Amino acid sequence: MTLPIILIALFGLLLAGVPVAFALGGLGLGMLIAGGFSPLMAPQAILSTLDGFILLAVPLFLLMSNVLLKGGVGKDLFAAVQAWVGHWPGGLAVATIISCGLFAAISGSSVATAATIGTVAIPEMIQRGYDRPFVYGLLAAGGTLGILIPPSIPMIVYGFVTEQSVISLFLAGIGPGLVLVTLFVLFAMAHAKFTGSYQAVDKASRSERLNASIRALPSVGLALLVIVGLYSGAFTPTEAAAIGFAAALFITVVVLRTLSWQGFKEAVMESAITTVAILLIVAGAKVFGKAIALYRIPQDISALITNAIDGPGMFILVVACVLLIMGLVFEALSMILIMTPVLLPAAMGLGFDPIWFGIFMVIMVEVALITPPVGLNLYVIQSVARATLGDVARGVWPFLILMLVTVGVLYALPDLALYIPFKW
Amino acid sequence: MTFMTTLSRVAGLIGAVLLALTGAMLTYEVVARYFFVKPTIWAAELSQLCLIWGCMLAMGHVLAIRRHITVNAVTNLLSAPLQRVFSAGALVAVIIFCAIVAWYGFDIFYTSWERGRTTGSILNLPMWIVELSIPVGFALLGGQAVVELLRLRDADAASLGSSHE
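If you're matching them up, the sequences are chains A and B in order. For the first sequence, position 186 (counting from the first letter as 1) is numbered 186 according to my numbering, and the numbering increases by one without interruption. For the second sequence, position 121 (counting from the first letter as 1) is numbered 121 according to my numbering, and the numbering increases by one without interruption.
Calculated from the structure, these hints are not laboratory results. Predicted model only: the values in this text are computed from it and were never measured. Mixed in with the good hints there might be a few duds.
[To be verified] If we take Cβ atoms under 8 Å as the criterion, some of the chain A residues that face chain B in the derived model are: (1) L3; (2) I6; (3) A9; (4) L10; (5) G17; (6) V18; (7) G25; (8) L29; (9) F53; (10) I54; (11) A115; (12) F250; (13) T275; (14) L324; (15) I325; (16) M326.
Ideal placement from N, C-alpha and C gives every residue a C-beta, glycine not left out.
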């Protein structure tokens with residue numbers, strides 16, 4: 001009986017416009033008081049969340065990507081990739097996807113990735129006669145690479161709440177990320193070939209290529225430094241983020257000389273705001289998680305799922321549908337934080353690897369966010385591209401299908417995610 | 001009211017600087033470990049202290065500029081006056097939450113202060129240094145929420161936050 005009441009209260013508070021952090025924390029606190037438990041647990045849960053060393057990686061990765069952003073690195077990356085692949089059929093679209101993939105390796109958020117590459121790539125593609133809906137779909141899809149290719153803020157948070165290794169999660173995201181990049185690139189080339197709705201770009205000369213590549217090289221080197229350092233165990237994710245921030249400053253201030261004092265101040269403030277918004281939700285979810293654990297809700301739901309659902313395939317299908325519905329109104333992090341503590345015990349009971357399940361959640365959450373007619377990231381693309389929602393929705397379908405294919409492959413072939421962290 | 005908002009903004013600025021400082025400390029830690037082969041004993045602990053205080057100090061400012069993540073999809077469908085009613089309700093919920101957390105947070109702080117509890121780590125800092133951040137942060141946030149409630153009638157947009165980061 002308590003379960004339906006709690007669910008109604010939770011979604012009631014969230015939909016009524018109480019900020020997610022306080023809806024989760026407030027309901028958790030209310031449950032503690034109503035159940036006769038000590039309310040001291042609420043501030044204790046908040047303290048123990050923010051005391052987590054791994055969560056320090058969140059502000060530091062944000063600082064790193066915001067500094068690079070203010071230093072104009074997005075434009076440099078796109079120019080460099082374009083110099084190499086621009087003359088291919090659909091070359092600008094291919095360059096957009098590869099730039100998204102590269103930018104994803106220095107940024108942990110899908111909105112930032114879509115916005116950064118989008119502001120440079122969209123006007124250029126439209127000018128070259130690319131089909132508008134296709135362009136918008138391309139960026140919506142390209143943005144999803146941001147949280148799949150490491151670093152990834154949702155993965156840090158997933159690792160924190162499930163007590164799994166963030167390094168393993170990061171490495172597990174690489175395989176599916178590369179598959180998605182390949183599928184998107186192949187589709188972009190096929191689309192250009194068959195519809196012919198693009199103007200080819202002239203092949204860049206040797207010196208143009210060299211110059212563009214040299215400007216982009218430090219950022220690509222930084223992305224490699226972070227990944228290799230993590231993989232070799234030279235530093236922890238938090239330290240990798242700190243080194244990344246310091247190196248980003250060095251690149252934009254000393255090497256490229258593109259970061260102004262004003263830009264630096266904005267990067268610091270912007271990172272702090274995003275950090276607070278994200279970490280408070282994690283803290284609120286921790287209070288809520290404590291309360292539902294004391295009410296034994298995860299066990300109830302786990303029992304409910306094992307009784308009602310037949311086999312792992314059915315479970316994954318049901319989870320996917322639930323996430324699709326939540327994607328109508330929730331953003332990625334809230335979905336992961338609300339659903340993971342409830343679903344992971346059942347998933348592990350059915351024999352899923354927690355790292356695999358994390359990667360599955362991350363891709364599925366992104367699919368949910370760009371599924372028409374209503375999905376939060378559709379609005380983001382709409383405002384980045386100043387497009388109509390109808391155009392964005394029409395362009396996004398083929399990419400959605402490619403992402404669902406990837407989820408299917410990931411299900412059939414778990415090693416797509418698990419090979420790099422555990423078997424390589 | 002403007003005093004509270006200014007206070008929140010200054011606290012937000014200090015919070016942002018503390019968060020950026022963690023980057024300097026941890027970079028120094030890695031450099032010290034690999035190049036001087038002499039890891040620090042303070043970097044990890046102090047940077048965590050900066051994370052807690054940074055977040056707690058900046059919470060109020062994030063509310064003032066309406067950047068806490070909020071589900072706006074449903075309330076956006078309502079008329080403007082009705083949206084304000086919902087926002088007022090949400091702010092009251094935030095104020096109550098802050099009051100309770102600040103109260104019990106102060107309790108935790110005060111107990112540690114009285115008994116002189118320490119962290120038991122290498123630096124062995126007093127526990128209250130960390131714990132004080134909770135009552136301070138939630139008092140700031142609660143205060144700012146009261147200001148937002150009072151000026152809700154004149155606000156341009158009723159929503160308490162953005163729908164994504």
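These are the hints, each one checked on the structure:
1. L3: Because about 21 Å separates L3 of chain A from the closest Cβ in chain B, which is outside the 8 Å limit, the hint is violated.
2. I6: Cβ of I6 of chain A sits 16 Å from chain B, so the hint is violated.
3. A9: 11 Å, violated
4. L10: The hint is violated - L10 of chain A has no Cβ within 8 Å of chain B, the shortest such distance being about 11 Å.
5. G17: 4 Å, holds
6. V18: Because about 4 Å separates V18 of chain A from the closest Cβ in chain B, which is inside the 8 Å limit, the hint holds.
7. G25: 6 Å, holds
8. L29: 6 Å, holds
9. F53: 6 Å, holds
10. I54: Where the cut-off is 8 Å and the nearest Cβ of chain B is about 11 Å from I54 of chain A, the hint is violated.
11. A115: Nearest chain B Cβ about 11 Å off; hint violated.
12. F250: Hint violated; F250 of chain A Cβ to chain B Cβ min 10 Å, cut 8 Å.
13. T275: Result: holds, 6 Å to nearest chain B Cβ.
14. L324: 15 Å, violated
15. I325: With Cβ-Cβ at 12 Å, over 8 Å, it is violated.
16. M326: With a closest approach of 10 Å, the M326 of chain A hint is violated.
Checked against the numbered hints above, the structure violates hints 1, 2, 3, 4, 10, 11, 12, 14, 15 and 16; every other hint is satisfied.
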